[in-house]
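Make a model of the complete structure from these sequences and hints.
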Amino acid sequence: MGVVDFFKKIYFKIEDQYYAFCDAVEKTGIKIYEWFVNPIEKRGIPSFPVFALLSLLLLAGIVFLALGGLGSIFQSTNNISISLSSDGLPVEGVSGRLLVDGLDSAFTATSNSQGVLLFEGVPADKKATLRISDPNYEPLIQTISTSSTSLSLSLSPLGGGKKFTVIVVNQDDDPVSKALVSYTDSNGQLVSEFTDAQGRISVGYSRQDQLFYFKASKDGFSRESKTCSPGQNTCLIQLVHSDDSTTKAKKASVLVSVEDENGNPIEARVSLYNSFSDSKIDEANLEYGEAFFEEVVEEGTSVYVNIYPVDESFAPYLGGASGDEKITSAAFNTVFNIVLQRKTSVIPKTDFSKLGIIVSDADGAKIEGATISLYLQNEERILIDEQFTSSDGKAVFDTIQGSTYYVTAFAEGFLPLLEKGLIGGAERQYKLTKLLPGNHGDLEVEVLDADENPVEFAQVKLAYTDGFPLGMPVFETGADGKVLIEGVPLQNIKALVTKGALNGESDAIQVTISENKLVAHLERGFGTIRVRTRDASEAKRVLIAASIDAFVDEEKIVSCNTLSTGDGYCELKVWANNPIVLKANAGGFVATESEEIIVGINQKTDKELLMIPTALSDEIKVLSFEIQNAETNEVLPDGALLEKGGLYKVLITANIPQAEKGGISLRLGDKTSIQDEKAFLLDFDKPSDAKNSWGTIFDQEQACSALETRQESSEVKWLTNEFKTTGVRTLGTFLRVRASATKLDKINFYYRAFVSKNNIWGRDPVDDELGRSENTLEKESCFANTYSKSFGVVEGKGLCNDRGCLYVELSSSEQTVTNGLKVTLGGLFSVNSFVTSFQDPVNPKIIVSSLAKANVLDLEGAQSSTKDLQFSLRKAQSSVSGNTFLPTSNARLKIEYADDSGTILSTERYLSIEGTGVMSLVATPTDFETNVRKDLTITLRDDRGNAITDARVEIEDLEGSPLGGSVSGPLFILGDDSSDRGEDGLYKFRKLNPTSVGKLLVTAKRDGFATETKELRVFAKDFFDVNPTELTFQACGASGSFNLQSLIDVDVPIQVSTDGNCVALSSGEVKLTRTKPSSQYKVSANADGQCKVAFNSLLPGSGSVTELEALVTVTGCAPIPSKCSSNACGECNENECRSLEEKGFCSR
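Residue numbering for the sequence shown follows the working numbering, beginning at -15 and increasing consecutively.
One or more of the hints may lead you astray.
[Unchecked claim] DSS-like mimics (lysine-lysine), calculated; alpha carbons at most 25 angstroms apart, straight line: (1) Lys730 to Lys859; (2) Lys210 to Lys147; (3) Lys837 to Lys851; (4) Lys727 to Lys655; (5) Lys235 to Lys878; (6) Lys837 to Lys806; (7) Lys418 to Lys350.
[What the hints assert, rightly or not] Each pair of labels, with its calculated beta carbon distance range: (8) Gln847 to Lys972: 26 to 32 angstroms; (9) Pro1084 to Asn915: 16 to 22 angstroms; (10) Ile744 to Phe855: 44 to 50 angstroms; (11) Gly247 to Asp551: 26 to 32 angstroms; (12) Thr1059 to Gly1087: 20 to 26 angstroms; (13) Lys972 to Asp180: 56 to 62 angstroms; (14) Thr850 to Pro74: 44 to 50 angstroms; (15) Gln686 to Asn742: 24 to 30 angstroms; (16) Thr850 to Leu135: 57 to 63 angstroms; (17) Ile744 to Phe178: 48 to 54 angstroms; (18) Gly550 to Glu892: 31 to 37 angstroms; (19) Asn915 to Thr850: 29 to 35 angstroms; (20) Pro74 to Lys972: 58 to 64 angstroms; (21) Asn1027 to Lys972: 52 to 58 angstroms.
These are computed hints drawn from the structure, not numbers from a lab. Ideal placement from N, C-alpha and C gives every residue a C-beta, glycine not left out.
This is the structure:
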């Protein structure tokens, strides 16, 4: 007997025992043959090996459980609490890791305010390693048992001392490096350190409740102080620029709003351009129909916008071509309210066409990333759009038939290209020329201002002599006013230059391969001062006629005469951003000289000059005290509040009689040192004929001579100007309110005028103690009597008229600002209004309204809120709370102070709501049948159930090709709150007709929301056919076929089976494909009788099932004798074998 026969014998004996077991089970009533044995063996597979395999798997599972396989699941766990302290005090914010033996991952935790690390769900009765790490403490590693639930540990500070961090930032919360921070350390020593690149210093301490008094300063910033304790972990000190608005050009902001004819916001790309150079200032995708460009351009710059809507049924808006240009101002937002027109309502769609530009190199290789600029070829040569070429070297533009265009193309390593005379409706291909020796030169451009000074950060754009641009990028000058431009074609070239609102250009030069240089001058910028003069000696201060001369550094630049117009003003066109001094002369009046006045480019300001009759020229008298808003030059009324962090100009005007010396003095606040005041003086006027003295302390215990500072100081407490030229003179100085000032603080001013002749002194106000003397034994002249003014502080931004002032601040739990409050989505905010009344209003109130889209926010549950005001000492305040629901960068609010007569003052503010909203997507229906047209409705809601009306909803193939590739890219609806396009949150795709099974993916997108998706199933019914449905055979061996035909555009796998033996099948499976959708399936007669042939198909992934049957009838066949016998057991079926076994044959 061979080895194989030996093992066969063993196998069959085991198999016999298996069937005996099955028989025993069968006798218990469990139908093991029907349920288990026969279904397997009908497929030609012995059932015993399958049974043996399942038994082994079951046994393995039992062993696994017995050996504790579930032990880790049901094992008991502990919550382990570890208390951390240092110097007896809890340590917050320290990270810990607990690595338990036998586990691959570690438990992590961070200590809370009580210094407790809590590790939850830790397996009990294990050994674990605890690691504690923190930058301020020595690392700690300790082995513990997880059976303990609590533990106390002490941490050792690094370097033997604990530390916390001081951070110095500017008004934009950017770190300020190299700021000097001074404080007294734990040993009582004065320490001064400079902040690092992140604006930080580390401070050692001994006790967590220790207090530190920090002073931070840096040139160009105000000095700020703050008291902090280590328990705060970090101490944040904010510095305010001390010279940011005195002579430097101010920054302006632009707000762009885009809607359709019905007021619905439109999704679009908006580009902001400089009108002179056509250089792009900034670009943004509109969020909810609005884009806000904050402080992106210098005041006085002329700008325009181009709007490119996503929905191509709208015509683009070209502000430059339309002449819609606006001059920006720092005092208010420059606003573009654009209403886009549908192409059908403005110009027939057929008048719009595409212009394709394709660029390649000399070998025909397409150039990706080249800059293509499209211009309107008219006298103004307006820039229409700019695009980068895609991987196929192409950029496509929208054009209007009948218009002529030109394009420029530029790519690194190539000469620029200019092509004129283009029209839409075609594709143009151009080859760019590579930079090679001899075909280009380098050009240095130097930019100077009107006074021949080099200009840093000027923008330089190269153009041909006819004004057409080369297409090269815009370049920027360095600190020396120069920039070197490489790769310039050898042609006649000139430079167009801009700096903020200033423009200029150079002469042309023929560029050669050797060195080339151009010099371009910026034009001088101008602003306008409107001046009128009044008689200061009369109570009504009537207007008088005077001659006005404007001076810059003693150079007279322009003149005018007052009372030349009905309102008494005359206009002076003066040099912008330069200190202008006005001198007024009138018959019978003393000459008047103003403070230094600065006006921005293309800006306008009004100024009134006071004049004293000659008869009163010998009288020393203070004529006025004024505070101006440094941004607008508007004079604040008495009772106005000063804004926290605000910049102002203080003006004191007095008549100074002819004398040996005379002047004006100003002192700020009641503290001894300016460092302790909540405001400071800076950048004061220094007339050429005046002697200036100033100081940073004012201490009545010291001599006047000791109070004067001999060196420049960025923060001044008191100031005196002695004028050589007498008459009506003005002391002018800027004032900065510190960012640390609060509503409880007062900003106090003390001032006087003085004159001295032959050592006889006169003062206004009079000081009886000093009399006509400069000093007495009891009192020195610098402590003489003064007039005083006091102003409160507000954290909001102010607006005033002759009826009152309105101040508004926006606050959250994190911060309080005048505008642009950042609020986390779902967070609360408050609109706080403060009113000063100069008249008696009737039923005064504050009205706060949301100008944002509905559901973005609410104000005490509504879109507006009205609060009645109760005045006390002519002051009142109110607070309106709000909640945020939708993200947006510019949620606008309108705040009105009103009474029964109407609106008294009105202003706007905005919130920036940050975060990601949650959007729900419901699809109806969720299943589609192939080749059956049906509408698909998508419903979008936010987490409050509000309809989302302006989302983009797309539908595309996910599995298979249900949409059949009939469209390029996904189908989409851009919501505009119209019917079936977002109204009530409903988006409807009409009559979808998927042609094959698979899955569709619906995607909903909206700025500020997490993208939401939904899968839809596409199934099929009766997706193939069988023909004929009956076959008849009259002889054995006869054959025939069924025609199988697919009715769907996918592969169809078909399983074929029969319930009898009258027919022989050619195979158990047939597959219909897209390329071969039909097939002939052959069968042949096998024995007399009727059989059903089943054709069944299940399309994978779709759940689509089709089950068809055909009937086969066979006659004329002799019965087929069975080959089974006691000598041929292998030919027996199961029942025949069992019968023979019972007779003692075919033992297995």
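Hints versus structure:
Of the supplied pair hints, the one linking Lys730 and Lys859 holds, its CA atoms being roughly 15 angstroms apart against a limit of 25 angstroms. This hinted pair checks out: Lys210 and Lys147 have alpha carbons roughly 18 angstroms apart, not beyond 25 angstroms. For the suggested pair Lys837 and Lys851, the alpha carbons sit about 22 angstroms apart, so the restraint of at most 25 angstroms is met. Pair hint Lys727 plus Lys655 holds up; C-alpha atoms about 18 angstroms apart against a cutoff of 25 angstroms.
A threshold of 25 angstroms between alpha carbons decides the hint, and for Lys235 with Lys878 the separation of about 23 angstroms falls inside it, so the pair holds. This hinted pair checks out: Lys837 and Lys806 have alpha carbons roughly 18 angstroms apart, not beyond 25 angstroms. For the suggested pair Lys418 and Lys350, the alpha carbons sit about 13 angstroms apart, so the restraint of at most 25 angstroms is met. Distance hint for Gln847 and Lys972: a CB-CB separation of about 28 angstroms, consistent with the stated range 26 to 32 angstroms.
Checked against the hint of 16 to 22 angstroms, the pair Pro1084 and Asn915 passes, with Cβ atoms roughly 20 angstroms apart. At roughly 48 angstroms, the beta-carbon separation of Ile744 and Phe855 lies within the given 44 to 50 angstroms, and the hint holds. Judged by the Cβ atoms, the range 26 to 32 angstroms given for Gly247 and Asp551 is violated: they are separated by roughly 39 angstroms. Checking the proposed 20 to 26 angstroms range against Thr1059 and Gly1087 shows it holds: the Cβ atoms sit about 25 angstroms from each other.
For the pair Lys972 and Asp180, the supplied restraint of 56 to 62 angstroms holds, since their beta-carbon distance comes to about 59 angstroms. Range check, Thr850 to Pro74: Cβ separation about 48 angstroms, and the 44 to 50 angstroms hint holds. Take Gln686 and Asn742: their Cβ atoms lie about 29 angstroms apart, and the range 24 to 30 angstroms holds. The hinted window of 57 to 63 angstroms between Thr850 and Leu135 holds, with their beta carbons roughly 59 angstroms apart.
Checked against the hint of 48 to 54 angstroms, the C-beta distance between Ile744 and Phe178 comes to roughly 52 angstroms, which is consistent with it. A hinted range of 31 to 37 angstroms for the beta carbons of Gly550 and Glu892 is consistent with their spacing of about 33 angstroms. Between Asn915 and Thr850 the Cβ separation comes to about 60 angstroms, which falls outside the hinted range of 29 to 35 angstroms. Roughly 60 angstroms separates the CB atoms of Pro74 and Lys972, a value that falls within the hinted 58 to 64 angstroms.
Checked against the hint of 52 to 58 angstroms, the pair Asn1027 and Lys972 fails, with Cβ atoms roughly 41 angstroms apart.
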